[in-house]
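S.K.: Take these sequences, add in the hints, and give me the full structure.
Number of protein chains: 2
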Amino acid sequence: MIYKIIFFEGKRDLKEENSSSWTGQKDAENDTKIIARDWFVELRDRLCSVFEEIEGELKDGPNSHFPPGKFTKKDWQREGGGGGEISIMRGRVFEKVGVNISTVFGVFDEKFRGSIPGTEKDPKFWASGISVVAHMCSPLVPAVHMNTRHIVTTRSWFGGGSDLTPMVTNEIDKEDFHAAMKQVCNSHSPDYYERFKKWCDEYFYLPHRAEARGVGGIFFDNLEGNWEKDFCFTRDVGLTFLEIFPKIVRRNFRQPWSESQREQQLIRRGRYVEFNLLHDRGTQFGLKTGGNVEAILMSLPPIAKWP
Amino acid sequence: MIYKIIFFEGKRDLKEENSSSWTGQKDAENDTKIIARDWFVELRDRLCSVFEEIEGELKDGPNSHFPPGKFTKKDWQREGGGGGEISIMRGRVFEKVGVNISTVFGVFDEKFRGSIPGTEKDPKFWASGISVVAHMCSPLVPAVHMNTRHIVTTRSWFGGGSDLTPMVTNEIDKEDFHAAMKQVCNSHSPDYYERFKKWCDEYFYLPHRAEARGVGGIFFDNLEGNWEKDFCFTRDVGLTFLEIFPKIVRRNFRQPWSESQREQQLIRRGRYVEFNLLHDRGTQFGLKTGGNVEAILMSLPPIAKWP
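So the sequences go chain by chain: D and P. For what it's worth, the numbering used here labels the leading residue of the first sequence as 295, then goes sequentially. For what it's worth, the numbering used here labels the leading residue of the second sequence as 295, then goes sequentially.
Identical copies carry no separate label here, and so any pair may be met within one copy or between two of them.
In silico BS3-like cross-links for lysine-lysine, where the CA-CA straight-line distance does not exceed 30 angstroms:
1. K599 x K368
2. K582 x K491
3. K541 x K599
4. K541 x K523
5. K367 x K599
6. K599 x K468
7. K353 x K541
8. K491 x K523
9. K367 x K353
10. K523 x K418
11. K492 x K541
12. K582 x K367
13. K468 x K364
Note that these hints are calculated values from the structure, not bench results.
M.R.: Structure (structure tokens):
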């Protein structure tokens, strides 16, 4: 029943601000939009907070002579409606981590109408979401991606997922990550894990290399039908990420690494760039629809190699 | 009349080898195909030779304590017909330079038929070309790209060009490069330079950044109608590149550079990666048609940053 509590927080927000600048319209849908948006804001705050905490925990070992990183925040407005906030930290554990939230609305360009469910006759859309990509200093700590979003056209659905990209093989991290994702899926529907894991494996794949981007996780989209149920699942995916990724970081971040592991990390990051620029539909769509370039390309690693 | 000399060298080759493995067919067209292919091989040899010479000329200054680089060569076969040779050097002047030649032939997949001139009714194709991308150790030496190609379907044409990507502003390099390209264009047709310079500016452009990849040069395609005239122009573009780029390298490669110039170079290289993976039609086409991945992605810089 947690969503009801958030629901009332959402209502409060609605009174406190000019809601049309966030939601694009004032109607019955507003309540659910505000609940979703507020959750993404809350998750952003909690993620940034735990990532900064981790930065402070590095007392010895590699990079501990550097000061702990802090997030800087930058907002942007979208021509056409809405905007977002980019939170970025360049630290001593997190080499570059971006946590973006955005809530945008408007009408789709003619060339995109029809390619988005529910826009065939009415091109209006509203979308809110959070996106996280972390590239770590240590090659012993996996890179990670998490994104969840709520989209409203004449239809209304949730999408998202999270996947892990270890730089050197680590079976325990992989098992723990998959176990966490399996648990959150199973607590919502018996068929989610199998479907969403498969979807993830298929999506984060580089056909030209015949290689996976990482070890996978879950990926879902077009979750539609029961708003409360779908929102709770989406929220729980965020909460699961909030628990499992810091656990994986803390397990590995103090261990010393070798130059050859660092080299391997930079080459794996090159593949990450290839995936994001060649194949990622979100990146392509964002750039083609005039999205915020800084927010979209925040996923690119701070340094990468193609030796 | 130089093409006639090459013509006879081509004829000699025809007798000396199983020409069908190179050209995919034995007919009157073979002569021109062999002339083009042999020129690309000769240009490759001459470029690799001058680049190795430059490596040997670094007697003092940054990186002179490293041994001079040497090219290594690797050949590949294409499933469906033909193949190519990748020449790559990782040196002390040329941080990573690739000189690829390839001669491939076969039939286009159904999904590409019609998108290539002359394949609407007959999907057969033959293509031969050379492609050069150099990423330099010194941020004071521009990166460069040169490519020329001859394509035969039921039609027959030449394409190519060369463009310069300085990492720090250098007006003299830019002027010299454009002057050389202007000269070669003007010696063949009064309208080439204006057309091909504009084409280059439009092609090597990152719309999402509203930025040019570099300072341009020339770009041409579908040069068709008079085989001898078009071949001579294409050949002269290669010869011009063979003269102007070494001149620009030699002017700059001994000067010491600063850390901040190196940083700027690595960030510019990030943009180069963005262009090649997001926008370059050759890269996209090559990867989609099952081209040789190593040869196609040879253009990616050895190291790049998105800080």
